[in-house]
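S.K.: Sequence:
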Amino acid sequence: MGDDVSETEALRCALHHAVAFLGGPGGMIHVRSPQNAGLHLMLTDGLPPSATKRWQDLAGKDTTVPPLAARGGAYVWRPAPAFAEQSPSGRRPAAAEEPDGPEALEGTEDAALSVLAPCGLASVPLLAPTGPLGLIGVLSVVTPPAEEPTAEQRAFLEEVARWAAGHLARSLSLPRGANPELRPEPLNGSALRQALKAVRIGAWDWNIRTGELDWDESAMTVLGVDPTTFDHRIETWLGLVHPEDLPWVMVDTDEAIRTRSVYGVEYRVCRPDGTSGWAEARGRVILGDDGEPLHMVGTVWDTTQTHVAREHVDHALRHMSDGFLAVDTEWRVTFINIEAERALGSAREPLGRVLWDIPFGREPGLEDRFRQAVETHRPIGLDVRSPANERWYHLRLVPVPGGLTVYLTDVTEKRAREAERTATDRTAHERAARIAELTKALAEALSTEDVMRAVAQHVIQPFRATGLVVVAFEDDNTRLIGSVGYEATDLERILSFPLTTTTPLSDVLSTRAPLFIASVAEMKMRYPALADIPTPGRQAWAFLPLIASRRTTGCCVISFDKPRLLTDEERTLLVALSGLLAQALERARLYDSEHLRAKELQRGLLPRHLPSPPAATAAARYLPSDRRLDVGGDWYDLIPLSAERVALVIGDVMGHGLSEAATMGRLRTAVRTLADLELPPDEILGQLNGIVSDLGDDFYATCLYAVYDPTTQTCVFASAGHLPPVVVGPDRIARVPEISPNPPLGAAVPPFDTVELPVPEGSLLCLFTDGLVEAGDRDIEAGTEELARVLTDALRADDDPSLDELCDTVVSALLPTGEQTTDDAVLFIARLRRLAAENIASWPLPQDPVAAGQAREHVRTQLDAWHLDDLAMTTELLASELVSNVVRHAQGPVRLRLLRGRTLVCEVSDGSLTTPHVRRASATDESGRGLQLVSALAQRWGARYTTSGKSIWTEQPLPAPPPTPPAPPTSPNTPNP
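Quick note on the working numbering: the sequence shown kicks off at 5 and runs consecutively.
No wet-lab data here; the hints were simulated from the structure.
None of the values given here were measured: they were computed from a predicted structure.
Just so you know, even glycine gets a beta-carbon here, dropped at the ideal spot from N, CA and C.
Treat each hint with caution, since some may be false.
To be verified - Now the in silico label distances, taken between C-beta atoms and shown as ranges: (1) Q936 to D680: 17 to 23 Å; (2) A817 to P540: 45 to 51 Å; (3) L298 to G356: 38 to 44 Å; (4) S553 to R612: 36 to 42 Å; (5) R213 to D332: 36 to 42 Å; (6) H433 to H398: 23 to 29 Å; (7) P405 to E259: 20 to 26 Å; (8) P133 to D258: 41 to 47 Å.
All chains should be modelled from the sequences, with the hints used to inform the complete structure.
M.R.: This is the structure in structure tokens:
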């Protein structure tokens, strides 16, 4: 309610809301009398005149509730009979006392007092918030019988009093004559009576049983009834009610009589003189001696002006530029204006709908904020984007009695301006920071690719550029170093012009000065030869010479998608950056050349691709300590052996650099050569120890050599000063086995100790060098424990991760990105698999000539079961020759074994340590051709020593599976399965 609303109307509105919220039968407002500091009754609501006579004037020292609230300046409530306990004359009314004057309505005062006697009374002072006015008056509400106002009702009553006092204080502070309603003259009794008369509140008394209705003069004036013609019938009043309002007025009247509750109704009046208006009536049922409703007494007043004002307010709200809507306690929309409808954008009429059923109300978090405003009784502001029109609105949520009001202000343009201003400030700050970052990034860049990445990241965005090209000058031509934001065709066009023609690049080369072109028109004017060349997406350019070692080595071209005249500050920065870029590119050119040679060397020394035999798959990571060379002395290898076995090797030449890398290459080659000889791990390390010792006294290396047999699921280790492996079993727990390390190669004295461990199916074998686990704040033992923990956690998080993912997880945990290592580091992880029992066949044979025939029979039967009939004849011949040699030249026990893996392995074992050799037989020799036949028939063959003798083995490639026939074409009418 605005300041243009009259004080009487404001007080009446405040009193009406206070009575309604507390649910009492009525209320009253007293104003302070200046002469005697007493209180004078100004307004009543729901109380008949006969019941308020005793409250017309109250002395300042009176002990009734209103004076107590005035003197204490705070809320006061007293239970029954607070309203009827004391009259101004100091007497208590008697229940059976008869009226003593003809001016009183017969029986009305006693009837009213009998209804109001059991009611309490709550009063709050009307205190001016500021200024010298102080106490203005007191607002009082008659409370229901035996009901003390709740804390919420008290808070509401105090809030209404503050609002009413503030409204009165502003009016009373105006110059005399500015507000004639309350203070046209000194506030005396006559003026107050005029004010009371202006309120136009009438009283009525209806005998429910006889239908007789009595109105006082004010009530008749409100309803437009002539006192001389009024017939005191209830039907006369019903005839004055607008026909459209009559049904629900009757329903409310019957409900009040039936429930004995407070009666309140507002309706349209059709007066006898043809005029119409609005009236509001409030009343209460009076019971007879039999306990049944006898009378209903109350008040009535004209609310036409209130409705007119409300319609004006509704019209103003409806058409104001900001959105406005109101919801009730059930969150239903009770009012919404045009702008709010546009913001909500609901296809259906929003009026009467629950707010959360409208798309706007379902925005995330919006319902919580609405409920928070209601629960805390405090206004809340927030910005929300409407899903209907994608515009931003600032919502002001204001709790009001009976619901919540929402003000919506379109802040889309405001947010855009603020965002633009913030972006401008942020851009300036970020530009300075990015220049510093570029300087740092160029200082750290090693390769040309690093330099281009740094320039693209730290130059294009700060200067709002869209393209970048860096070229090098070579004789009369240009060579592309790198580009960002350019198509391949555009780059070809740029590089197609030789430096002998007049172009921006040739001018930069000749003048060694930067060139700035602000528009396409300027480009065409300066270089007519380029006028016909399209420049899509580029409207301005900066050509910056790259000068290093006192010569112009190239040019950096920065392009913009809009015409742009760079400021002096921007040009100075770009020229300074071009100097940094030229020096960085020169360093990168030298690094790239050296790095290319180092990578070629490393590529030749380490395995390019690890093999994937049936027994093991592996992945590895190599991290050199010297990023400039990318080489070192650490190595790893996976070597397939006979009988589907594999050898896993890892080593570390002490030191790092090119010489150590060369030593590593020699040792790796030696390991592969010795592995082909089928030597056991301890003997291989013994041979390597001799090689390292021959290199000199300053050469040392560590090495771990392991052989995994998939038929027995065992792994045999031998270590020369190297760290033990980490084994992860099927239970996903990493363990470090105890392996005798022995001294490193070059300092050891053979023999080397070996350890045999069972390795179940699916286990992981993790080999590593000390550079992976040792750091400045972590010793080798702690690093190994950390490696085991990381492996265990990674496998618990993912039951079957790929080996590459596992390597990356371990490396990132032990060697975080950007952390420089002091030694080369290698991580080598292998997943070991057994050879299935159905792929293994073994038979003992007698040491007798009949063994060859038995061997052929076994081979024929087994290959038929394996569906390898194509290899049966060759394998029978190989087995027959090998068994015949054993029977003739060796000793038992003899055993034949077939393995089906990546190849078909035929293996004959005996107890002799004599190694067969291929010799050339003459034309007359009767023997010596068996091994020649084996060599001709087998893809590969050899012999190896075992703990009980030796084994001679052959390998044959398995036939390729038949190709899958193509599926027949599907007819268009054939339904898909």
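S.K.: Now look at each hint and say whether the structure bears it out.
M.R.: Hints, verified against the model:
{"no.": "1", "hint": "Q936 to D680: 17 to 23 Å", "verdict": "20 Å, holds"}
{"no.": "2", "hint": "A817 to P540: 45 to 51 Å", "verdict": "47 Å, holds"}
{"no.": "3", "hint": "L298 to G356: 38 to 44 Å", "verdict": "40 Å, holds"}
{"no.": "4", "hint": "S553 to R612: 36 to 42 Å", "verdict": "38 Å, holds"}
{"no.": "5", "hint": "R213 to D332: 36 to 42 Å", "verdict": "38 Å, holds"}
{"no.": "6", "hint": "H433 to H398: 23 to 29 Å", "verdict": "27 Å, holds"}
{"no.": "7", "hint": "P405 to E259: 20 to 26 Å", "verdict": "22 Å, holds"}
{"no.": "8", "hint": "P133 to D258: 41 to 47 Å", "verdict": "45 Å, holds"}
In terms of the numbered hints stated before, the structure departs from none.
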